[in-house]
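Residue numbers (the working numbering), protein chains in the order written: chain H, 322 to 546; chain S, 373 to 454.
Bear in mind the hints are in silico, worked out from the structure with no lab data behind them. Here a beta-carbon is modelled for each residue, glycine too, at the ideal position from N, C-alpha and C. There could be a bad hint or two in this list.
Label pairs and their computed distance ranges (CB to CB) [unchecked claim]: (1) S/Ala450 - H/Gln399: 14 to 22 Å; (2) H/Val506 - S/Arg444: 29 to 37 Å; (3) H/Glu379 - S/Ala406: 21 to 29 Å; (4) S/Gly453 - H/Asp381: 29 to 37 Å; (5) H/Ile422 - S/Asp395: 35 to 43 Å; (6) S/Arg446 - H/Lys424: 22 to 30 Å; (7) H/Lys351 - S/Glu409: 40 to 48 Å; (8) H/Pro478 - S/Glu380: 39 to 47 Å; (9) S/Ala435 - H/Ala496: 29 to 37 Å; (10) H/Ser404 - S/Arg444: 22 to 30 Å.
Straight-line distance between alpha carbons at most 27 Å, and here's what the computed DSSO-like set of lysine-lysine pairs gives [as the list claims (entries may be wrong)]: (11) H/Lys482 - H/Lys426; (12) H/Lys351 - S/Lys383; (13) H/Lys351 - H/Lys468; (14) H/Lys518 - S/Lys383; (15) H/Lys351 - H/Lys407; (16) H/Lys424 - H/Lys412; (17) H/Lys407 - H/Lys468; (18) H/Lys424 - H/Lys407; (19) S/Lys383 - H/Lys482; (20) H/Lys426 - H/Lys518; (21) H/Lys518 - H/Lys468; (22) H/Lys426 - H/Lys412; (23) H/Lys518 - S/Lys382; (24) S/Lys454 - H/Lys482; (25) H/Lys518 - H/Lys482.
Facing chain H, according to a computed beta carbon distance under 8 Å, are these residues of chain S, among others [as the list claims (entries may be wrong)]: (26) Gln390; (27) Glu392; (28) Ser394; (29) Ala402; (30) His404; (31) Cys429.
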Amino acid sequence: MASLNPPLTQFGFRRVNSHSMPDKKTLASKAELRDFEEETLPLMPLLLALARRQTNSEQDAEDLVAETYIKAFRSWSQFEPGSNLKAWLVKIMRNTNLNNIEKTKRDKSHGASIDALEDWQVGAATSLTAMASRSAEAEAIDNMPAKSVTDALDRLPGEFKEVVLQAIVLGLPYAEIAENMGTPVGTVMSRLHRGKKLLRAELAGYGREEGYSVENIDNGDKGQK
Amino acid sequence: MTEFNCQETKKHVHEFLQQELSDAEMNEVAAHLAHCESCEGDYGFEHLFNTVIQRSCNEAPPAELASRIMARVREINAEAGK
C-alpha cells in the first residue's frame, strides 16, 4: 500500500495491524541499535509506571511497554533529536493503548465530557477533609501505602488520571501533555488541578475506611481515643 | 517587583511545582512564600503529595524486562534486514 505516510498515521491512530511495517525496511546498524537502547531504555521504568496505571494487569502493562518500544524502534528515524524523547515515547504508548482498547472492546462511550464534571462534585469531595488540619492530613498521606495511592489513582476519571501521571510521575511539560492528548494547555492545567483535588479526597476517604484516618493517628496530642 | 498576593500565589501552586512559570513569576511566588505561612503550607502539602504519588507509582520493573524488550527489537531488526 503506497501511502503518503503522513507523520501522524505512522503510529496507527485508527487501527492496529502488527504486520504493517513502515515503508522503509532497513536493518539498523549495531551503532544505531546501541543508540536506540542507550537513549530509550533508561526511560522504560517510567513508561512501565504509566502503563501499569492504564492496563488491567502487570502482564498487559509489560506487553504495552514492549509494543511501544518496537513501534518506537521502527519509527526511530523520525524522532527529532533535541525534542522531548520521553514525550515522544508516551505518545506512541498512548496511541498503542488506545488502539488496543478499541480493538478489544469497541466503545464505552461516556456522554458528557469529563471536563464537564461539576465544580460542586470536585468541591464537595474536598470538604471531607476540611475538618482535619493540614499537617495531620499531610502525615496521613505521607504514611499511605503505595497500593492505596495507586488504587485511588485508578479510580480517577481517565483523563484526570492521565494528566496526573504524565505531569507528576513522568514530569512532562504541560505543552507536551497537551500535544499528546490533543487538548489545549489550559485543559491540562485544569485537569491536573482537579485530578489532584479528587485524588486527595479519595485518599481522605480511603484513610477513614482503613484506619489511616487523621482522627486515628496516634501521636499523643492529636486524635480522639 | 510586584509581589503576588495569597490568591495569586495559591492559584499558581501546580505551575510552580511543575516548573511552568517564568523566572519572574517564580521569583514573585518565592518572595510571597518567604513570609506567608499559609501559602507556604499549601505549597509544602502539594509538594509532599507529588512525592507520595511518584513514590507510589515507581515500583521497579522486573529485572529481565529491559533485555526481553531489546531481544525483541533485535529480532524485528533482523527480520527487517531479510
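- Looking back at the hints listed earlier, which ones does the structure fail to meet? As far as the earlier hints go, 3, 7, 8, 12, 13, 20, 24, 28, 29 and 30 are violated by this structure, in ascending order.
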